[in-house]
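Since the structure of chain A is provided, determine the placement of chains B, C and D on it from the hints.
Protein chains in written order, with the numbering used here: chain A, 1 to 358; chain B, 1 to 271; chain C, 1 to 260; chain D, 1 to 349.
For the record, the hints were derived by calculation from the structure and aren't laboratory data. Small disclaimer: the values here were computed from a predicted structure and weren't measured. Here a beta-carbon is modelled for each residue, glycine too, at the ideal position from N, C-alpha and C. Check the hints yourself; a few may be wrong.
Listed next, the in silico SDA-like pairs over lysine to any residue satisfying Cα-Cα at most 20 angstroms (straight line) [claimed, not checked]:
1. 125/A - 138/A
2. 4/B - 60/C
3. 28/D - 60/C
Residues of chain C placed beyond 10 angstroms of chain D at every Cβ, according to the derived structure [stated by the list, open to error]:
4. 5
5. 26
6. 92
7. 189
Cβ pair distances, simulated, as ranges [what the hints assert, rightly or not]:
8. 128/B - 43/C: 48 to 58 angstroms
9. 123/B - 50/C: 30 to 40 angstroms
10. 310/D - 43/C: 28 to 38 angstroms
11. 123/B - 41/C: 16 to 26 angstroms
12. 169/C - 94/B: 36 to 46 angstroms
13. 334/D - 128/B: 52 to 62 angstroms
14. 14/C - 67/B: 19 to 29 angstroms
15. 267/D - 34/B: 26 to 36 angstroms
16. 67/B - 22/A: 47 to 57 angstroms
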Amino acid sequence: MKELIKLEHITKNFGNLRVLDDFSLTVHENEFITLLGPSGCGKTTILRILGGFETADEGKIFFEEKDITDLPANKRNLNTVFQKYALFPHMNVKANIAFGLKINGKSQKYIDDKVDYALNLVNLKGFENRSIDKLSGGQQQRIAMARAIVNEPKVLLLDEPLGALDLKLRQEMQYELIRLKKELGITFIYVTHDQEEALTMSDKVIVINDGYIQQMGTPEEIYNEPENAFVADFIGDSNIIGGTMIKDRLVKINGHEFPCIDEGFGNNKLVDVVIRPEDVIVRERGAGKINGTVLTRVFIGVHYEMLIKSEENEYEWLVQCYEKYDIGEKVSLDVIPSNIQIMNKPTSSDEEAIDLDI
Amino acid sequence: MTSKKALATPFMIWIVAGTIIPIGAIAYYGLTDRNDRFTLENVLAIGNSVHLQALWLSVLLALISTVICFLIAYPLAIIMKNSNFGKRGFMIFLFILPMWMNFLLRTMAWQVLLEKNGVINGMLEAIGLPGQEIINTLSAIVLGMVYDFLPFMILPIYNVISKIDDSIIEAAYDLGASTSEVITQIYLPLSVPGIVSGVNMVFIPSLTTFVISNMLGGGKINLIGNIIEQEFTVSSNWNLGSGLSLVMMLFIVVSMIFLERFDKTGEDSFI
Amino acid sequence: MKKSLKFIYIGIVALFLYLPIIALVVLSFNESKSMAVFSGFSLKWYEEMFSNRMIMQAVINTFTIAITASITATIIGTLAAVGIDGMKSKQQNLVLGFNNIPLLNADIVTGIALLLTFLMFGISLNWGTVYLAHVTFCIPYVILSVRPRVNKSTNTLYEAALDLGASRTYAFVKVVLPELRPGILAGFLLAFTMSVDDFVITHFTRGAGINTISTLIYSQVKVGIRPSLFALSTIIFVMVLIILLLVNFLSKRGKEKVIY
Amino acid sequence: MKKKIVLVISLAIVMLVLASCGNGGGEKVYIYSYGDYFDPDLIGMFEEETGITVVLDTYDTCEEMYPVIKNNSASYDVLCPSDYMIERLIDEDLLSEINFDNVPNIKNIGDKYMEMSKEFDPDNKYSVPHTFGTAGILYNTEMVGDTVIDSWEDLWNEDFSGEIVMQDSIRDTFMVAEKILGYSLNTVDEDELKEATELLKEQKPLVYKYANDSTRDILASESAAMGVIWNGEYLYALELNDKLEFVVPKEGSQLFVDSWVITKTSENKENAEAWINFMCREDIAKQNFEYLTYSCPNVAAQALLDEDVLNNEKVFLTDETIDNCEVLKDLGPEGNELYSKYWKEFKAE
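Excised from the complex, chain A in its bound form (with noise of 0.2 angstroms):
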C-alpha cells in the first residue's frame, strides 16, 4: 500500500503541558486507522495538526510526499466529521452539504447531484431541506459525514464522531462507517476513547497515551498481544499481575509454575503478567493451580463475571466462566499456556505510575 500521510518527530505544547513528544506515524492509502486513548492523551491533538487547526511546535507533516506542516487548514485535501457535528445552525441540510463545494466554485447541477448522492449514501434521501435542530442526533451525524465526503478528501478525519449517540445508535452507526469506508475507498482517520469501537471497526489500531504511541497493530494484535500494562488495562479487562520468568517458556505466578509460549526475557526475569479473564479456567479445589475462594460474582448475560481471590497473595482474579459457583465458594484456577501473555516490566517512570494505579 502507498504511504499517504506522515508525520514525522512531531512535538506539541499547550502551556507548560507537553501533549505530544516527538510523535512519528505513517498511514497508508485506504486504511481505516484508530487513535486510542483515554481523554487527555494527545489524540484529538493529532487530528486537529493533521486538520491544521493546531500546529506543531517542532516536526513535519507530509501528505502524499508534500510538506503541508504550513497549510492552512482550507487548503488541505482532506476533511473533519466534528465531535458535536460543527453542523453551520443557520443553514438548512442541502446548504450544509453544498458548503465546500460552493466554495469551491463548483457548478449549481454537480452540486445538486453530489447532494443527492450523499444524501443517498448516509441514507438520509429528502431531508434536503429541513433544518438542522430539527435533526436528531444520529441524523446530525449522518449529514455532517455527508458535508465532508462531498468534497472527495483523500482521507477523512473523525473526532469521535459517535460519542454524542446512545448505544444502540452507536452500534448502527459502527456498522454504518464500515460500509461507507468501503464505498468510497479513502483513508479514515478515527480519534475515539471507546476501545470497542476501535477494535470493531479499526484495519489498524494506535493506542496513545500522554502523548506517546504505545502499541500500533491490528484489533486482534492489540487486545490478544498487549505490549505493556497500560495497553492490556485499556482494551477489555485484565488481569495483570507480576511474576517471575523462570526460563524461556516457564513463568511464576503466584508460587506456581504455568508454562506458556512466550520466550527471550532471560532467566529469572521479573515480568509482568497479563491473564484475560474469560481465558481463567475455574475448575473444583484442587483441579487447578491456585487456590481462590469466589468473593463476588454477578450475571452479565452470556457468563457470570466473578471475583476470586487467591489464597497465597490475596490477589483478586476477574473470571469470566459460564458455569455458576456460589459465593463463599473455594475453587481452583488454570491457565493454558497459550493463553498467558508477558510483559517486560515498565522501565520509564510514567509508566511506573501506570503501574501503580493498576
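For chains B, C and D alone, kept in the frame of chain A given last:
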C-alpha cells in the same frame, strides 16, 4: 402557579406607574395645546422644515456612527473571541473599563483634545503634520457618538460571537472556506442577533442625543434631541416637545419590531 | 490575520477609548485651571474636591441613589423574573415587551415622560423623583440578567424542595435564590452602573439642589469646568479599577482552588 | 392571600420612598443662580453666621431656569436672573415682594443701580441687584494684528473665519445682529427679526463655536481670536492671557443687571432675605467682586476697592457707555415664541 405569578406584582405596578402612565403623559401633552385642547399640531410640527432638517441630520449622523461602530467592533469581537483564555477576560475588562469614567467628562475630554490649540493638534504639529479642525463640526459629533457608544456595539456582538462553537468555524475552514468567506458566510449570519441589538444600542442613543451635539458641536448644530431638549428648557413649549418626542418614539417602536424579529438571544446580549 | 496586526488593531481601539481618560487624569494634576496648558504638577484640585461641598454632596447623591435604586430594582426585578416565568407565553411576551420599553426608549423621552408624570400628579421634583426614575430604568436590566437563569432546572429544584417538605418561602429563599445568584448579582451591578452613569434622565427629573456627579458636570461644562471634577472622576476610576482587579484576582484564586 | 401580601409590601415600598422624599430638618435656603456666579467660600461663611444650610443649583441661561420656576417642578427660594427675565417673572406673578426690613444692607446698593432696576422692576419691590455689566468683544491683540476692533461688524470679518466665538443664548446672540442693523434689542418686528436671523446665518460659517462663559477659556487658550463676552470676564481672562483686550463696540451694547429675587412659592422666605442681606454686606460684596470680577452695584463695597480697579472703564463702565446701551425687556409670550422660532431656524442652518 398563580402564586408564582404574583411575584411579578410589584413589577406590574411599576410598569403601569413608570412606563405606561408616563407614555400616556407624553401622549397627552403631545396631543394637546397650551389650553388643553386636542390638536395634532405638535406631532405634525415634525414636518416643519427646521425640525425635518434636524431629524434628517440626526438620522444621518446616527447612521454614520452606527456603521463606523460596527466596522470597528466586528473585527474586534472576532479577535477577542480567538484570543486565548487569559487574555479574553482581560480584553472585555479593557473595553468596559472606560465606561466607568463619567461619560460627560469623557465627551468633554474630546473637546479639550480636539480644541484648535488642543492636545491632538499639538501632537500632530510636533510630528510635522497639519492641525485638524474637526471640533465644532459634524465630524466631531460623529466622533463623540462613536466614542460614547462603541462599547455598546462591541459587547453584544462579542457576546454572540463568543458563543459560536469553535468547531463550526473550523468546519468551515476544513471545507475550504477562506477567512473572508468564513466571516461573510458563518460569522455574520450567526451573529445577526448581536448585531441587531448592537445597532439598536448605538443608533437610538445617537439619534436622540443632545449632550454630544451640545458639547462637541459648538452650538452650531441642532439635532432633533437638541430641539426637544430646548423645547423643554429654553423655549418651554412642553407640548411641542412632547409632540416631537412622540415622533421619536416611532423610531423606537420600529427598532423594537426589529429586535422582536430576530432571535431572543438578542435580548440577552445586552449584558 | 497576523498576530501583530491584531495587536495593533486592539491597541488602536484601546488608545481611542483611553485617550480622553488619560487626558482627564493628566489635567486633574494640572496646576492651572486652564485645560489648554499643563503648567505644573499639583494636587490642589484634589484638595478642592474634598473641600467642595457641592461635589461631595453630588457624590453622596450619586451613590445613595445608585445603591437604593439598584437594590430596589434588584428586588422587584428578581421577583418579576420568577413571576414572569409562571405566566402564559402570551402574557410573558406582553410583559417583556413593556419591560423593553425603557431599555430601547431614548433616555430623553423616558426622562421627559417621567417629568411630565411627576408634574401631572403634583409631585415636586426632589431626591425621591430621581430615585423613582432610576428604579424605573434599572428594573429592565435586572430582569434581563436574571431571567435567563430562571429555567426548567430552577423549576425542578423548587419542586424538589417542596417535595422534600420545604415551605414555599423556604424553597424560594434557600433553593431558587442561590441558583439565581449570579444573575441577580450581574443585574445589580449593571443597574448600579447604569444609575451612576445616567445623566439625561436625572437631568429631567432632579429637584432643587439634587445634583449627581453627572448633572454637576453638565452644569459646569459651559461655565468652564473646574479640574476638581477631573480629580473626582480620576479617583472614582482608579477605585473601580482596583475593585475590578481585586474581584478578578479573587475569583481566579477561587477557581484554582476548585481545580486543585 | 399571597397576592395580597405582595401587593401590600410593594405599596409599602412605594409609600416609604415617597415619604423619604421629604426634606430633612434644619433651616435651609434653596438658591438657583447662574453657574459660578459668586464666591463659593461665601456659602460656608453664610452658614456659619446664620446656621442656615445653603442648597445651591445653577443654570446656564435664564431660559433654562424659567420653566423650572414656571412649573414649580423644583422649589427654590432665591434666584439670580437677569433683568428681562425678572420682568417676565413679575408679570407672571412668580415672585414675591421682598420684605426690606430683613434686608437692611440694601442701603449699600447705589441709587444709580436702583434706578436702572426700575426698567424691569418699576417699584424696586422684587429685586436686589447683584451684578451689572455689558457685553463686548474680547480679542487677542496678537492674533487680530493691525485690525482695529471696535464694532460688532468685526465679528463678520472673513479674515478671522473659524476664530470667532459667539454667545449661545437667544437674546444675547440676537443682540449683536440687531445692534449692527440698528434695531432695538427688544424688537418684536418679524421683518427686523428675519433680517437679524439672515445676518446671523451669514456669520455662522465663520464662527468657531457658540459658547457661553467658556468663551473666556477658548480665547485664553488662543483657540479663537475674538469673542462676545461680558465685561465682568475681562479681568479674569487677562489673568489667564495678557494678550487679551476688551472693547464695547461703538454701536452700543446691552446693559444687564442680574438681581436677587425671591420666588412666590418660597417656603424659606426669611432665610432667602437673610441670604440677600448677607450678599449686600460691603465686605461680602467686595470679596465676591474679587472672586467674580463682575461690576458690583454695591457702593459701600466699591469704596473698599483699589483705585485702579474702580477706574478701569472696562469693569466699571462710564456713564457714556451705559447711556449707549440698552436693557433687555421681556417680550411677552408672542415675542418669546417669535424669538424661539427664529433661533431654531438660525440653529438649523
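A quick look at each hint next to the structure:
The straight-line distance between the Cα atoms of residue 125/A and residue 138/A is roughly 14 angstroms, inside the 20 angstroms bound, and the hint therefore holds. Of the pairs offered as hints, the one joining residue 4/B and residue 60/C is violated, with about 37 angstroms between alpha carbons and a cut-off of 20 angstroms exceeded. Restraint check for residue 28/D and residue 60/C: the C-alpha separation of about 18 angstroms stays at or below 20 angstroms, so the hint holds. With a closest Cβ-Cβ approach of about 37 angstroms to chain D, residue 5/C is found to remain outside the 10 angstroms limit, as its non-interface label requires.
Distance check for residue 26/C against chain D: the nearest CB is about 16 angstroms away, which clears 10 angstroms, and the non-interface claim stands. Against the 10 angstroms criterion, residue 92/C stays outside the reach of chain D, whose nearest CB is about 18 angstroms from its own CB. Non-interface status of residue 189/C relative to chain D is upheld: no Cβ of that chain comes within 10 angstroms, the nearest being about 21 angstroms off. Distance hint check for residue 128/B and residue 43/C: the Cβ-Cβ separation is about 35 angstroms, which falls outside the suggested range of 48 to 58 angstroms.
In this structure, residue 123/B and residue 50/C meet the distance hint of 30 to 40 angstroms, their C-beta atoms being roughly 33 angstroms apart. Look at residue 310/D against residue 43/C: about 36 angstroms separates their beta carbons, and that is inside 28 to 38 angstroms. Between residue 123/B and residue 41/C the CB atoms are about 20 angstroms apart, so this pair conforms to the stated range of 16 to 26 angstroms. Checking the proposed 36 to 46 angstroms range against residue 169/C and residue 94/B shows it holds: the Cβ atoms sit about 43 angstroms from each other.
Between residue 334/D and residue 128/B the Cβ separation comes to about 57 angstroms, which falls inside the hinted range of 52 to 62 angstroms. For the pair residue 14/C and residue 67/B, the supplied restraint of 19 to 29 angstroms holds, since their beta-carbon distance comes to about 21 angstroms. One distance hint, 26 to 36 angstroms for the beta-carbon pair residue 267/D and residue 34/B, holds here, with the actual separation near 28 angstroms. The given range of 47 to 57 angstroms is respected by residue 67/B and residue 22/A, whose C-beta atoms sit roughly 52 angstroms from each other.
Violated hints, in rising order: 2 and 8; the structure is consistent with all others.
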